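J.: Residue strings, one per chain:
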Amino acid sequence: MRFGVVVFPGTNCEMDTYHALTQVLGQDASYVWHQDRDLDRYDAVVLAGGFSYGDYLRTGAIARFSPVMNSVAEFAAAGKLVIGICNGFQILCEVGLLPGALQRNAHLQFRCDWTSLRVENAGTAFTGSCSAGQVLRVPVNHGEGNYFADPETLAELNQNHQVLFRYCDPDGSVTPGASPNGSLENIAGIMNTAGNVMGLMPHPERACETILGSADGRYIFESVISHLTGRAARV
Amino acid sequence: MLFKAEVKVTLKKGVLDPQGSAVEGAVKALGYSGVPQVRIGKFIEVWVEGASEDAAREMVQELGKKILSNPVMETFTFSLAPSSDRLVPAVGATETATRTGVK
Amino acid sequence: MLFKAEVKVTLKKGVLDPQGSAVEGAVKALGYSGVPQVRIGKFIEVWVEGASEDAAREMVQELGKKILSNPVMETFTFSLAPSSDRLVPAVGATETATRTGVK
Amino acid sequence: MSNPVEAVWTQVGLKEPEYRRVCEILGREPNHVELQMFGVMWSEHCSYKHSRAALRKLPTKGEHVIQGPGENAGVIKVTDDLAVAFKIESHNHPSFVEPFQGSATGVGGILRDVFTMGARPVAILDSLRFGPLDDPKQRHLFAGSVAGIGHYGNCMGIPTVGGEVYFDESYRGNCLINAMCVGILEPGKIRKGIARGAGNPIMVVGARTGRDGIHGASLLASAEFSEGAEDKRPSVQVGDPFMEKLLLEACLELFETDAVVGIQDMGAAGLISSSSEMAARGDCGLEIDVRKVPAREEGMQPWEFLLSESQERMLVCVQAGREPEVEAIFQKWGLLSAVIGQVTDDGMLRVLDGGAVVAECPAHALADEAPVYHPEKREPAYLAELRKFDFAALPQPDDYNDVLLRLLNSPNIGSKEWIYRQYDHMVLLGTVIEPGGDAALLRLRSAAKPGIHLAALGTVGNGAARTEASTPTDGEGEIGLAMKIDCNARYVYLNPKRGAAIAVAEAARNCVVTGAVPAAITNNLNFGNPEKPEIFWTLDQAIDGIAEACTALRTPVTGGNVSLYNETNGEAIYPTPTIGMIAVHQNLARRTTPGFKHNGDVIVLLGDTKDELGGSEYCKVIHGSVGGDAPALDLAFEKKLHKVVLTAIHEGIVTAAHDVAEGGVVTALAEMAIAAAPEARGCQASFFANAGRVDGNLFGESQSRVILTCHRDDIVRMRSICIENGLPHRLVGDVTGDGRFKVAALSAGVESESVFRRQELIDLSVAELTTAYKEAIPRWMRA
Ligand SMILES: Nc1ncnc2c1ncn2[C@@H]1O[C@H](COP(=O)(O)OP(=O)(O)O)[C@@H](O)[C@H]1O
Ligand SMILES: [Mg+2]
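Chains as they are written, first to last, in the working numbering: chain P, 1 to 235; chain B, 1001 to 1103; chain W, 2001 to 2103; chain A, 3001 to 3783.
Check before you lean on any hint, since a few could be wrong.
Claimed, not checked - Derived pair list, reagent style PhoX-like, types lysine-lysine, alpha-carbon separation capped at 25 Å:
#1 W:K2066 <-> W:K2013
#2 A:K3057 <-> A:K3377
#3 W:K2008 <-> B:K1013
#4 W:K2066 <-> B:K1004
To be verified - A few chain A residues that don't get close to chain W, going by computed Cβ distances all over 12 Å:
#5 E3018
#6 G3131
#7 G3197
#8 V3236
#9 Q3237
#10 A3552
Hints are computed from structural coordinates only; laboratory data are not their basis. Note that the structure is predicted; figures quoted are calculated from it, not measured. Cβ atoms here follow ideal geometry from the backbone N, Cα and C, with glycine treated the same way.
From just these sequences and the hints, can you work out the full model?
T.: As C-alpha cells, then:
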C-alpha cells in the first residue's frame, strides 16, 4: 500500500513514521510537502507528529491553512483513510475534519511516557486487527493532548462509537490516574462519523519494534493495511 | 492608514482552564486569600493597514474568526484605533510562514 | 466586594516574539497583505475581593509583578471594575493543576 | 593617559595592558567599534585566556578521533561509514536571569554547534545544578530550566536521552545549565568553520538580527554576579526552536551540495566571533557590511550588529556563483539568506556600514591573539580543614530502614522522572535504553541516518520509496552508542584532581554497565573566578585529574567548554567539571539495564568496598556534613572492572548491571529492585562490615564498583572472569520474588574469624522504596 506522510515546517516525526511504514511494515511511503496538493497516488495519508509552525498560537492553528490541507479534506471526503498522529490529530481538529480540540495538559507539563490504551471499538479501519478491550502499550509525547469537546459532541462520539482508544491502566480499567493529560473521559483517539479519519495523541510509530519497548503500535498500522488490502491481519 | 487592534481571546465558559487554576493556586500559595478566580487568555496586538476604520475592523474580525481563535473553545473581542506606531519594516521571521507558503 | 481586573501582559520592546512572527507570516500567506505586525501576549482576568477599589487595585498590581508577568521580558497594564459575576467554584482538573503550581 | 580614556577599556571588560596590546596590534587606538570587537573577542568566554594554557594538558589524540578540540564540535569515527560529532556547552548565567529562555537557548546553541559540523543531531543530554529545593527561587529556576530544555529539544524533534542533576547549597546564587548534543554524520563529510578563497561570498542565514543578548559573552559570562547587576543585563534572548528546526533541515540539505566552503554557528558574540574565527582558520580576510544583515529592530548600530546574540543564525562561506542555490534551499524552508560580504586575501576583518569602513583589524588578532594568562595558583586552605574531619564523631544509625528511605528520598539520589518525562526521549526511534538507569543507549539503525534530509528521502515527485521490511531484530549484531553526563562536584570540592578523575571514571562506568566501550569525552569546566589563585589551582588540578583518567581509560578529549566566574557576591560554586562520555556498543542484543530480571538470579558485587564516607550523600543527608576526602580511585583497577563487566555482558551471562554511586551499595541495590517494575521483585543480600563502620560499608561511595546479576548456572563462569582478571568480587545475595528488600551485615564473630555474625539491618517492601525514590523531587515541586 502507498502511504503519504505529510510534512509541515516543524513536523518532526515524519522520519519515524516513514521508518515504521517502510522498514518495519514493508509498505510504500513517501513524504508529502505541505505545499503539494496531489494525493492521488496514495491509499492513505498520515499527518505525522511534531510541532508544525512551532505550535505557535495554538497547536495546528497555522498548519491547517497549508495548501495540502485542502487536498487532505478532499481525500477524506472521497472516503480514503486519513490518520493524524499527535500534532496531526491537533491539525485535524483545527481544520474541522475531527470534532473537538486539544487543550494544554491539565498538569501543564509536557509528557513523554508509556501509556496503556484500551481499544474501544475494534470494528473500524484503524482497529480491525485488534480485539475489543485489548490493551495496547504505546507512548505519548505532547504538551497539549487534553481532549476537549462540548457535552453534545461528546455524547455523539460515544453514541456513534467514534472513540477508538482510551487511556487505561495496564489491566484495562479506565481510571483518571491512567490519563497522562487530563483528557475528557480518558479519550486518546477518535474517528469521524464516516469512519475514515482518525486522530490519536499516542505515537503508534514509536511502538513497532520490541527493541523500542513495544510492538503494539503495529496493530494499528496492520489494521489499516489489512483494511486497504482486504486481507486478514498479519499481526 | 495604520490601525492597531487589541484582540482579547478568552476561553468559553465551561471550558476548563488549567493554567488559570494553576495561577489561582500560586496566588493562594503566596498568601493572598481574596482571589477566587483567574482565567488566562491571549492578548494579541495586530497592526493593520486599512483604507478606513471600518475596513480595518472587518479585517480583524475575519482574522479573529479564521486564525486567532478556535471557536470550539474560545471567543474573542477586540478594540481598534488609529495607530502612529513606527513599525520595523514588516519582516522578521515573518518570511517563514509566507515563503513556505501557507495558503 | 468583588472586582474584576483585566490584565494585559505584553512582551517588552525588542524581545523576540516567535509566535507573533509566525502568525504574521500565516496571515500574509492567507492573502492579507496589510498586517505589518502581530505581537502575542496574555490576557488575564482576575477576580479579586477587596475592601475598596484601591485595595483591589493594589493587590492586582502586586500579583501582576509577582506572578502574572515575568518582569525580565514582559510588562503589564490592567483595568479594574466592580464585578457582579457569580463565580462557580473551580472544579475538576483544577485540583491537579493547582498542585503543579506555576513558579 | 588622561582619565576619560581609562574608562574606555573597562567599559568593554578589558584590562589596561590588554588595551595597550590592541593599540600595538593596530598601530593606533581602536575606534569605538573596534574596541567593542576586541572587548568581546578577548573576553574570557570567547578567548579562554585564563584556561587555554592549562587545557593543553588534556589528551586529545586517538586513532578514532577525526576532529579534536578547536572546531565547533569534536568528531570520532565509529564505523567506516559513521562518525559521531558531540560537544557540551554551558548557559549558566542567562539561565539564572531567565531560566526558561536561558536553558532553551543553551540547547539551541549546542545543537547548532553540532549540525554546523554536518551532523544530524540525534541526542541531547543535560547537566543541571541548583540550590536546595526548599527554596522557592530554586524551584523556579529548576522548573523553568527543565521546561525550557524540553521546549527546545521537543520542538526540534531531538530526544533528550539523559542527564544529571544535583541540588546543593553552593549553587544557590549561580545555577549551572550544561547541555550536550550528539550527532551523526558520514566520516568524510565534516563541515568546518572556515572561510577561504578570495571573492567567495559570505552569507548570513536563518533568523533576523536584533539587539538580543548584546554583551552576554563579555559581561554576563565573563564576570561575577553581584547585587544590582540588573542594569548590565542585556535583553533576554528568546529561543525559536521552530526557526532552528527549519535551519537544521535547510543546512543539512545545503551540505549535500558542494556549494559550502565553511559554516559556523553565530552563538556567543554573534557575527564578530563567527566572522573573525572563520577568517582566522582560513588564514584570510573578510569584508562584511552590517547594513546587509537582515535586521529585526530599527536603528541598530554597527557594533550592535557585530555583538548581537540573536539566536538561530549561521554564517556561511559559499563558493562564488553558487549563491542562488543556497538561497533557493533556504527559501524552500522559509528562511532568509543574505550575502553580507566576501572573502579577501589581506587577512583583515573589515567591517562596513553601508559601504563606509567602520572597523578594520587583523582577523588573527581578534580570534587567536588574546593574551594567554598563567594565573597564579594556590591550594585553598579549606582543603586542609576538610581533611581533618573526624568521622568517628558521627553516630552510627539505629534504624537502617529509615536511613535508606531518606537517602532514596533525597533529590540527589531519587528518581529523575520528574525531569525526563518532560523531555521527548524517544523521537527518531533510536533510544533502546531510556533515561532512568545509568547511561542512555541509542541504536544507530534508527529513523535518522547521517546525511539524510528530506529531499534525499524523496518528497513527492521523486516517487514512492519502498524498502523490504526488515524483520525486527532484538538488536543482534547491531551497533549502538551509549552516552552519559556526570560529575559529582562534592568530590571535586574535597579533592579537585581526584574528584575530576572520578567524574570521568563514573561517566565511563555508567556506559560500561550497558555493555558499551568508552570512546571519548567532551567536558564543561564550570568554576569560579580564575583570577583568584585558589580557584585557578582547583581548575588546574581538575584538568590534571581529567587528563589522567582520560589517558588511563583511553577516552580522549575531543572538545569542551569553559565557564568561569560562576560566583555570586564572591561565593564560588563547587568546582564542577562536567564530563560527557560517548561509548560504543557492539551488540545491542546484549544491552543491559539495572532492573532485576529473574527470581533466583545471583547478585554479584564487583570491586572493593572500603569504609569511605568522605563526600557521601549519606553524610550530607543523614548527618548534614561534608568533609574528609573524596573516595580513592585507582584507574588501573577501574579499567580492570570495565573489562570484566564488558566480557561478562558480551558473553551473555549478565541479566542486570548497575554502577554503585551516590548512596553506596545498598542504594544501588535498591535502585535495581525499584527498576524491576512492573514486576515486584526484591532481594536478600548481605555485606561484610568488618573492615570499619557498618554505615561506611553500606552507604560509603567507594569507587570502581558494579553490581550485577547472573543466572545461577552462570555464576561459575562469572567468577572465573573475575579471577582471570584479578578483580575482587563477592556473591552478595539473590533476587527474590516476594517484593521485599532485605539487607544484612556480616561481621566476624568474636570467637573466631571464620564465624560470622549476621545482623539483619534492612527489611522494607520494594513498594515503600519505590515511593520514597519516586517522590524525591515531586514532593517539592507540587508546592
Ligand atoms: N537532568 C536530567 N535530564 C535527563 N535525564 C536525567 C537527568 N538527570 C538524571 N537523568 C537520568 O536519570 C538516571 C539517573 O541519573 P543519575 O542519578 O545521574 O545516575 P548515576 O547516579 O548513575 O550517574 C539516568 O538515566 C539519567 O540519564
Ligand atoms: Mg549510574
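J.: So which of those numbered hints doesn't the model satisfy?
T.: 4, 8 and 9
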